[in-house]
Amino acid sequence: MNHLRDQYGKEIEDVLARYPETQKRAAVMPLLYIAQREDGYVSTQDMDDIAELLAISTTDVASIVGFYTLYHDEQAGRYRIQVCNDLPCALRGADDFLDGLCDHLGVKPGETTPDGVVTVEAVMCLAACDKAPMFQVQSYDGIAYHEVQTVKSAVKLVDGWRKEKASG
Amino acid sequence: MTEKIAVAVAENLINLTIDNREVSVPAGTLVVNAAKLAGIDIPVFCYHPKMEPVGMCRMCLVEIGRPAIDRASGKPLLNKDGSPQINFGPKLETGCTVPVSKGMVVRGYTEEVTEARKEVIEFLLTSHPLDCPICDKGGECPLQNLTMEHGPGQSRFIFDEKIDLAKNVPLGDLIFLDRERCIQCARCTRFQDEIVDDPVIGFSQRGRALEIITFSDPGFDSYWSGNTTDICPVGALTTTDFRFEARPWELQSHASICNHCSVGCNTTLNTRREAKSGGDEVIKRVMPRQNEQVNEIWICDKGRFAHHYTESPDRLTQPLIRKGDALEPATWDEALQLVGDKFKKSKGKFAALAGGRLTNEDFFNIQQVTAKLGGKALLDSQMAGGEMVAQVGVGQGTNLSDLRAGDVVLVIASDLEEEAPLHWLRIKQAAERGAQLIVANPRRTKLDQVAHRLIRYEYGQEAAVVHAMLDSFSPKRPDQPASVKQLLRDESVKAAAEDVQSATNLIVFYGSEGLDVAGSHTLASACANLLIATGHVGRSNNGLVAVWDKGNAQGAWDAGFATSVNLADDLAAAPNLYIVGADPVGDRPDLAETFEAAEFVVVQELFLTKTAQMADVVLPVLPYTEREGTYTNAERRVQRFYPAISPRPGARADFAIAAQIGLALGLELESKLASLAFEQLAARLPAYKDLTYGKLAETFEQWPIIGREDLYYGGTTYDNTQGLGVQPPSGAERGESPALSFEALTDPEKRKGLLAVPVTRLYDLGLTVTTSEILATHWEQPHIVLSPADAEKLGLELGAQATIKLNNMQSPVAARIDNRVPKGVVLVPRSVGLHIFGPAPIEVGA
Chain G
1 MNHLRDQYGK
11 EIEDVLARYP
21 ETQKRAAVMP
31 LLYIAQREDG
41 YVSTQDMDDI
51 AELLAISTTD
61 VASIVGFYTL
71 YHDEQAGRYR
81 IQVCNDLPCA
91 LRGADDFLDG
101 LCDHLGVKPG
111 ETTPDGVVTV
121 EAVMCLAACD
131 KAPMFQVQSY
141 DGIAYHEVQT
151 VKSAVKLVDG
161 WRKEKASG
Chain W
1 MTEKIAVAVA
11 ENLINLTIDN
21 REVSVPAGTL
31 VVNAAKLAGI
41 DIPVFCYHPK
51 MEPVGMCRMC
61 LVEIGRPAID
71 RASGKPLLNK
81 DGSPQINFGP
91 KLETGCTVPV
101 SKGMVVRGYT
111 EEVTEARKEV
121 IEFLLTSHPL
131 DCPICDKGGE
141 CPLQNLTMEH
151 GPGQSRFIFD
161 EKIDLAKNVP
171 LGDLIFLDRE
181 RCIQCARCTR
191 FQDEIVDDPV
201 IGFSQRGRAL
211 EIITFSDPGF
221 DSYWSGNTTD
231 ICPVGALTTT
241 DFRFEARPWE
251 LQSHASICNH
261 CSVGCNTTLN
271 TRREAKSGGD
281 EVIKRVMPRQ
291 NEQVNEIWIC
301 DKGRFAHHYT
311 ESPDRLTQPL
321 IRKGDALEPA
331 TWDEALQLVG
341 DKFKKSKGKF
351 AALAGGRLTN
361 EDFFNIQQVT
371 AKLGGKALLD
381 SQMAGGEMVA
391 QVGVGQGTNL
401 SDLRAGDVVL
411 VIASDLEEEA
421 PLHWLRIKQA
431 AERGAQLIVA
441 NPRRTKLDQV
451 AHRLIRYEYG
461 QEAAVVHAML
471 DSFSPKRPDQ
481 PASVKQLLRD
491 ESVKAAAEDV
501 QSATNLIVFY
511 GSEGLDVAGS
521 HTLASACANL
531 LIATGHVGRS
541 NNGLVAVWDK
551 GNAQGAWDAG
561 FATSVNLADD
571 LAAAPNLYIV
581 GADPVGDRPD
591 LAETFEAAEF
601 VVVQELFLTK
611 TAQMADVVLP
621 VLPYTEREGT
631 YTNAERRVQR
641 FYPAISPRPG
651 ARADFAIAAQ
661 IGLALGLELE
671 SKLASLAFEQ
681 LAARLPAYKD
691 LTYGKLAETF
701 EQWPIIGRED
711 LYYGGTTYDN
721 TQGLGVQPPS
731 GAERGESPAL
741 SFEALTDPEK
751 RKGLLAVPVT
761 RLYDLGLTVT
771 TSEILATHWE
781 QPHIVLSPAD
791 AEKLGLELGA
801 QATIKLNNMQ
811 SPVAARIDNR
821 VPKGVVLVPR
831 SVGLHIFGPA
841 PIEVGA
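From first to last, the protein sequence lines stand for chains G and W.
Using our numbering, read the first sequence as starting at 1 and increasing by one per residue.
Using our numbering, read the second sequence as starting at 1 and increasing by one per residue.
With the rest of the complex left out, here is chain W (with noise of 0.2 Å):
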C-alpha cells in the first residue's frame, strides 16, 4: 500500500468485509475502490476512479450486506453463534455507487452476481458488432477481457436483429467515432464535462437509440480530447494519429517526459518496427503514463499528437560546414576539429545561446564549455525569474492534488489553459476542492470560470498589482509608482491580499501574457517577495511556479543559463557564437544582420532553421526520443526519460557533442552516457547534490491503481515503473537565504495608439507542432485579437485580413474579435510568424 493511502487509512477508518477478507479502508471509499485497494477486482465500465460514479452500466453489481440492528436498542443482532446478523437486501446493488459502512458484507462471487454479470455482459453485446479483429482496442479492450471473463460466450438475441450503426464519424478532426461500439458508458461525455469543463460531446435521444453528438462548431475541438480515447472501455473512440495503425501487443513501450510545455506529464511512446517505415523503428502514439504528482493519468492533445517531428525526413543527418556560400556536408571530424580550433581563440568573444527543450546534461555540457571560454550562457525564452524559482520554488514533496480549503493559489499573468494545460487542469481542481483560487489577467481567460477571485489590471501593471498587495500589509515603500497606489485601493487586489495573509499554503504561478523578459523578471521579483514576505517558501506545497514557455527552461536555469533581457546586444557583443537547439534569426528576423555580422556561428540542430542556413558549422543532433536525459518541471522536479528508437545514424546528443568539443578546451566532460553526465552535474549544481539516475527511476503505488491488467479500472493510461521524478530541496529549504532585489515599478508609458501585447497558444507554429499534420487544421494562423470597440473604430470585421505593422515589419493578418480584450490593446500571438518579444506599439490597418 502507497504511503497516501496508508497516511488517508489512519484518518478514518471503516472495517468491513469483501469476499471473506477483512478490508480497513477510509470513510467515504466506495465499495468497488475498497475492493481494489483489498486486491480484488469488481469489474466495471462505467466507473472511473478519476470520476463521479453514475451506475449506469450495471456491471458492478455485488450482493451488498449490513449489520441489522435492533431498533428498540440500537445494538446490532447476533447470530446463535455470537456473529453479527448480516442483512442482505432483495437485489444486487452497483459497488461503483455505494460507499463502504460499518460492518458491511461484500459478496462478488456467488452464483447470483456471476449470473447478473453474465446477463450484463449479454446485454452490452446485443447490438455490439464484435468486430474485435479490426479493432483499435482489440488486445487492451476492457470489454474483451470482461467478456472473456465475466460473459456467457453465448447470446440469446437474435443475431438479425442487431443495429447497423455508422462506423466512421469524425468527431473531430482527431477523434473518430464507432457508434457500434459505443457500450453507453459516458465515461468521454464526463471527462469532457466533468474534469475538463469543455463539453462539446454529449448524449442524444435514449435508449438503445443513445448516441454520443457534438454540435459544436468545429465538432469534437478540445485540447483535453485524446484522453477520451484512453478511458473509453471500448473501440468506440480512436484517434486519427492511431487509428488502424498497429496492434497494441505490437508495440514496445518507453517512458518518456513531454517537453512541449514545463508541466513535465509522464508519457510512454509506444513504438514499432515497421515496414512501411522501411523496417525502422516509429513511434506509433504517445499515451500518458501515470505520475499523480504531476499529470495525474492525462497528457494534452499537443503533448498526445504532436510528436511527428522525430520521423521527419527533413532531419539533419551529416554535420556541415560553411565553404564559401554553401553549406556543405563534413563529417564529424572535420566539424568538431574546426569548432574546437576557432571556439580556443574566441575566448572572450563567446556567447551560447540554447533552447528549452534541452536536457539537464546538455545545459550542463554547454554551460561549462562556455564558462570556459568567459561567455555569457543564454537561454532562449520570453519569460526570466528561473533564478528565484530556484531558490523559493515549490519546496520539496509539492503536490497540487494536495491543495484544499485554507490554501490559496495566486496565477497571475498566465491564460494558463494555452501556456501549461495540466497545470491549468490541477489548479482547476484545487480550487473545486475548496482552496482559494486568485486569477489576476487583464482579460478572461477559462480559469477565471472557477477562480474565488478576479483581479483585472490594465497590461503593463503585473508586477504592480503585486506590489500593491505587498503594500496593502506591509509599510508602505515610499517609491511606489501610481499604478500602486491605484491598485490599492481597489477592492479585490485588497481582498486578495487579505486571502495571501490568511493562506495555510500560498503557490503563485507567473506567466508570460503581455510581457517581455524584463517585465518577466520585474514581475518574478515581486512574486518571490510577495511569498518571502508572508513566510510561504522553503516548505511543501509553498513558493513559486513559472509557467515557462519550454519543457525545460528551469533546468537551464538551474545550470547557469539565463534569458537575455536584450539579446540583440547580447549576440552582438559576441562574435563567436553556439546556438543550440533555438532558432533566433528565424524567431526575429532583425537578428539576421547580426548573424551576418557574427565571425563564426555554430549551430546544433534537428533541422536546418533559419539559423542554422547563416550558421558556419552545423551540427546534426537527436531529439529527446532517440536519447535519454532528464528535465525539471516547473515545479522543480527532476523527471527521466528513456530512449524511444534507435538514434539516427549520423546525429548526435547535444550533450555529447558539447563534450567533443569541450575536449578541445581541456574540458573533461561526459560525452557517452547520459548517466555520468549527471552525476558530474549533480557533483556540481548544489540544486541537485544526490541525485542520480537510480534515485529517479524510483516509484511507489500510486492510488489509483491504473494500467495493469484490469485496464478496464482507469483505461490504458500506462503504469509508472520508471520513475516518479525527484524534487530536490530548493534554495530556501537548503538554508539559503534568497539574494532578491525588490524591483522598482514604474508606471506602464502613456500611448496614444494600440498597444500590441504577446499571448501564448498552445497550438502555434512552432517546428514541433508544424511537423505534426495530423494537428494542421489546429495551427494558429497568423493573427490579432481586438476589442469589438477597436475593430468598429477601424472597420475591421470578424476574419477581416488586416495589415500590422510591428516592430518596423509589416504583415498580414486575419482579425479576430473578441469582448474579452480590453480596448486599445490587440493581443498577438507569439511563434506564428509575427514580431512580438513584449509589448509594444502597433498600427493596424483594414
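Same shape as in the complex, but just chain G (with noise of 0.2 Å):
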C-alpha cells in the first residue's frame, strides 16, 4: 500500500531515475513536493510512503520537513499568506498591516479563515524589505510574491481566491 506510488507512479519513476541508485534518498525533496502538492501538506502518511520508496527511515523524512519551513506537516488553507514582519518591514508598516488583514478575515496569525481558503501567518525576512508590506503565498503548486501591498489590496486578491472557490 503505498498510495503516492499508486498515484503518482509515472512521475515518481522520473524523478528517481534521476539520481543514481544508490542515491536515492537524494530524492526526498522532489518527491515531497510531490505529496504537498495534493492537499498542501505532507501526511504522516506520505513520509511513510515516501520513506518506504526510498529506503530510509520516516523520522528521516520527518526531518526534512521538519527543518525547512515551507514543507509542511499540518493542514492549513489553500493559501498560506506569508506576511514578513521583521525590523525593516514593520518600519514599512508591516505589522499595521499584518493587524489590518487579520482583522479583515477574523483570524490571528497562524490561523484559518473557517472556509479554509486563507491562512495568514507571519514569517522571517523574505527579503524584499524596500517592497514592504509585502507577502508571499504558498499555494499548493508554488509561490508568488506580492510586494507594496495594503490590507485594500490584499483583501482583494483574497476574495478572487474565494470566487474562484465558489465557482468550483
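If you are wondering where the hints come from, they were derived from the structure by calculation, not from laboratory data.
In this text, a Cβ means the ideal position worked out from N, Cα and C, and glycines have one as well.
Don't take each hint at face value.
[What the hints assert, rightly or not] Heads up, simulated DSS-like pairs for lysine-lysine below, C-alpha to C-alpha not over 30 Å straight-line: (1) G:K24 x W:K446; (2) W:K167 x G:K108; (3) W:K372 x W:K344; (4) G:K108 x W:K162; (5) W:K276 x W:K167; (6) G:K24 x W:K167; (7) W:K50 x G:K24.
[Unchecked claim] Only part of the chain G face toward chain W is listed, based on derived beta-carbon distances under 8 Å: (8) G40; (9) T44; (10) M47; (11) S57; (12) T58; (13) T59; (14) D60; (15) A62; (16) S63; (17) F67.
[Unchecked claim] Between beta-carbon pairs, the in silico distance windows are: (18) W:A776 x G:M1: 28 to 34 Å; (19) G:D73 x W:E432: 49 to 55 Å; (20) W:R71 x G:Y68: 39 to 45 Å; (21) W:D131 x G:T69: 28 to 34 Å.
Grab the two chains, each in its own frame, and use the hints to assemble them into the complex.
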C-alpha cells in the first residue's frame, strides 16, 4: 500500500531516474513536493510512503519536513499568506498591515479562515524589505510574491480566491 | 600510553605544541584527541571519539596557530630569535574538527578561549531548566561539570524568556526524553545513524526550536537505544529502568560480564542498598564497561535491561526433596547426603545436562563429577562445534577492530544482530573500514546492508556452500552431493572463494539459523576445514567463531561438555540425571516422559522450572550477579566477573554444590573460592594453562580514554579497571594438529509441504527476559513468518491467527508476512514456546 506510488507512479519514476541507484535518498526533496502538492501538507502517511520508496526511515523524512519551513505537516488553508514582519518591514508598516489583514479575515496570525481558503502567517525575512509591506503566497503548487501591499489590495486578492472556490 | 597507541604513533608522527607542551601524535588525529593523549582536556559536548566530528556545540573552541610559510621560497618564516613564526587565525577554531598539522600551536588557556567557553555555556543554558537536583544525570553530567568549570556563573538572559518544553516524552518504551534539557548536540541521533544504522530518531525544526523526534512505529525501538543515554551529555535521555531510581553518587560499581550471548560484553553493575527493597542491595542499572577488544563502550538493550531476574521473589532459596508427589523443603545437609548416596550408586547410568550460562568453574566441577561416574557431560544448546572452535578458533590477540582492507569476514547461517548484537556492530564497522564481508544466509538480514558479497542458499545447504567454496580451489571431492555441484556454478560462491583465498586474515562466523545440532556440527566442520585449507588458523585475527546461543557455551566445550545430537535418547539412556541451569522439559514438553521414567533427577536452578518440578532433589543456586566466576566468550577470551550484591541466603554457587556432591564420590574439588576452582581447572585443561584470576584482572590503557572524571568526553561508560580478560592460545597455536573429520554431505531431502526452520530472536521468552517487565512490550510472542506467496496460498493476512502443527505439537501463533522469507519456508523463532529444534515439516492452518 503506497498511496503516492499508486497516484503518481510515472512522475515518481522520472524523479528517481535522475539519481544514481545508491543515492536514492537525495530524491526526498522532489518527492516531498509531489506529496505536498496534493493537499498543501505532507501527511504522516505520505512520509511513510516516501520512506518506503527511498528505503530510509520515516523519521529521516520527518526531519527534513521539520527543517524546511515551506514543508508543512499539518493541513491549513488553500493559500498561505506569509507576511514578513521583521524589523525593516515593520518600519514600513508591516505590523499594521498584518493586523489589518487579520482583522478583516477574522483570524489571528497562524490561523485559517473558516472556509479553508486562507491561512495567515507571520514569517521571517523574505528578502524584499524595500517593497514592504509584502507577503508571499504559498499555494499547493507554488509560491508567488506580492509586494507594496495594502490591506485593500490583499483583501481583493483573497476575494478573488474565494470567488474561484465558489465557482468550483 | 597504551601499547596500541604507541604502535600507531610510531607509524606517522606529527609534532605540535598544545598548551606549551610538545606533543607527538599520528597524522590525522584531531586536536581534541591529541590534547587528550597528552593529558590536556579540551571540553566538548557534541564531539564523541567514536563518531565523526560535527562541530555543533562550539565548546571546544581554541586558538590554533600554524607556522607561517614564505610563499616565494616555500620555507618557514622565522622570528628574530630563530623560532618559527606562528600565524594565529582571526577567530577561534573548533578543536574537534581540525586535524593536527606539523608545527601547529594550540592554546586553550588564553583569555579569548576562556571567554568563548563562558559564552558557549551561557548560550547552552539559555533555556536549560537547571533542574539538576531532580535530574538523573546530576552527579555524572558533563553539562553540570563543565558549567562548574568553565561557565560564567550568571546569565545575561532573562529568566522569564526561558522556553517551557515537554519534560516527560516517551520516545519509546525504554527511553524518555526531556526536551528542556537537550542541548542539541546530536550525539544520540548520530549514534543511531552512524554507529548502529537504525535511524529511528532524528532532529526536526531548527535553531531554538530544534527537537528530537521519532516518527517510527513503534517509536524509539532499537536494540541499541540504551547507549544513547550513556553518551547524552545532559539528562535529556534517560532509561525507564533507571529514571528517578537513584543518584549516581549513591551507587556502588561492580565489574561484570553479560551472559546473554557469547560476545561477553564487559559491564558494570551499579548497586545500592535501599529501603524500598527491605534494606537489600539491588542492581539499579547495567552499564557498559570499556573493553575495546570485545564491546568497545557499547552494550545492547537486552544486556542492559534484562537483569531483573536477580531480584525476582520467585527464586529458590531452599533445597527441595521429593516426598511422594510433592517437593518439600529440606536442609542442605539432607539434600547433599541424598544426592551423594544416589549418585554413588549410579555409576555408568548417569548423565549431566548443563546450560550455557554457567561459569567455567561450574562446568569444570560438574564435568569432574560426571567423569567420575562415567556419564556423559551434555551441553544444553542448539549448536555444536565447540571442540573445533577450541582448536581453530581465533588466535591470541584477535581484535575485530583490527580488521581492514585485505581481510575477509565470512558470516554464515546467522541473523547476527538478533543472535549477537555486538558482533553485528563490530563486523559492520570492519566492513565499513574496508574488510571484505561475505554474508551467506537464505534470507536477507540487517548485515546484508554492509556486505560486499551475498550468498543465498536454500535452508539445508549451509555446509554445502562452504564445501563448494573449498571445491572451487582444491581438488574436487568425488562424493559431493548435487547441491554442492550446483553451488559450485554459483557466481557469488566462486567470487567468495576467491576472496577467501586472497585474504590476509580470515574469520568465519557460523550461527544457528535454520540448523539443528547435527547440522550445526557439519557446518562447523566445513568452516574449520575451509580455514585450515586456506591457512587461516593459529594466529591472531584468523579462525572460527561460533555465534553461541548462551554466554559461556564455549567454556562448556572447553571443560569437556558437548551438545547432544539426540538429547531425548541420551537422557533416556541415563536413569540418573543431573540437570544444572537448564530446563529441558520447559523447552521440549516431549521430554517429560523421559523425566517421569528417570530413576533420580537432581536439578540445580534459580527458579522452579518445569524440569525442577519433576525432580527428586532441587538445589537452589546463585545467579552470576551474586558470586564470582569466569566466562569464555565466542572469541575464546576468558573474562572474569565479580559479585555485585550479597548472595541471597540459602542458595549456593553451582561449582560449590558440584564440589560438595563430589565429596561423597571421593573427589577433592574446590567448594569455596572460585579462584581456587579456577586454579584446579587451569591445571587440568591445557587450553587454560597458566591462567589465573590475577592475570584475568590485568588491564592496560585503552583508547579512547573514557569514563573517568571527564565524563564529557566519552559518556558514562565505565573505565575498565578490573580486567580485560585473556585470550589463551588455541589448539592450533599450541601446536596441536586439529583432529578434524571431513563430514560427508547429503542433499536436503525433497519435501512436499512447508518447511519450518528455527531462527533466533533477541527478545525471546527465556526466563531472563520474561523476568524483566520493562521489556514486556518487546517480548516476542509465539509467531511464524511466511513469504507473501505462501501466506496468500494459505489465506493468511498479516497478524492473522494461525494454528501450526510442528513436531507433534499444535500451537496457536500469529502470522507475520515478510518478503525476505523464501517460498516454502516458515520461520519459527526459538524459545517462544514453539516446538522447534531444527528444520522440520510444518502444517499451517488458518
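Inset, instruction - Take a quick look at whether K372 (chain W) and K344 (chain W) sit within 30 Å of each other, Cα to Cα. - result: Measuring from Cα to Cα gives roughly 10 Å; hence the hint holds.
Legend entry - Hinted pair K24 (chain G) and K446 (chain W), Cα distance within 30 Å: Judged against 30 Å, a Cα distance of about 19 Å means the pair holds.
Legend entry - Hint validity - S63 (chain G) Cβ closer than 8 Å to any chain W Cβ: holds (4 Å)
Inset, instruction - Using 8 Å as the Cβ threshold, decide whether M47 (chain G) counts as touching chain W. - result: Status holds, d = 6 Å.
Legend entry - Proposed interface contact between S57 (chain G) and chain W, which counts if any beta carbon pair is under 8 Å: holds (5 Å)
Legend entry - Interface restraint verdict for G40 (chain G) against chain W (beta-carbon cut-off 8 Å): Status violated, d = 19 Å.
Inset, instruction - Assess, step by step, whether the Cα of K50 (chain W) is no farther than 30 Å from the Cα of K24 (chain G), and give holds or violated. - result: Holds, because 27 Å separates the two Cα atoms, which is no more than 30 Å.
Inset, instruction - Under 8 Å, Cβ to Cβ, is where T44 (chain G) needs to be relative to chain W, so tell me if that hint holds or is violated. - result: Check passed: Cβ of T44 (chain G) comes within 7 Å of chain W, closer than 8 Å.
Inset, instruction - For the hint on T59 (chain G), just tell me whether its beta-carbon gets within less than 8 Å of chain W. - result: holds (4 Å)
Inset, instruction - Go through the hint on F67 (chain G) and say holds or violated, using the shortest Cβ distance to chain W against 8 Å. - result: holds (6 Å)
Legend entry - Residue hint T58 (chain G), partner chain W, criterion CB-CB below 8 Å: At about 4 Å, which falls below the 8 Å cut-off, the nearest Cβ of chain W leaves the hint on T58 (chain G) intact, so it holds.
Legend entry - 30 Å Cα cutoff - pair K167 (chain W), K108 (chain G): Answer holds: K167 (chain W) to K108 (chain G) is near 29 Å, not above 30 Å.
Taken one by one, the earlier hints fail for this structure at numbers 6, 8 and 19, listed in ascending order.
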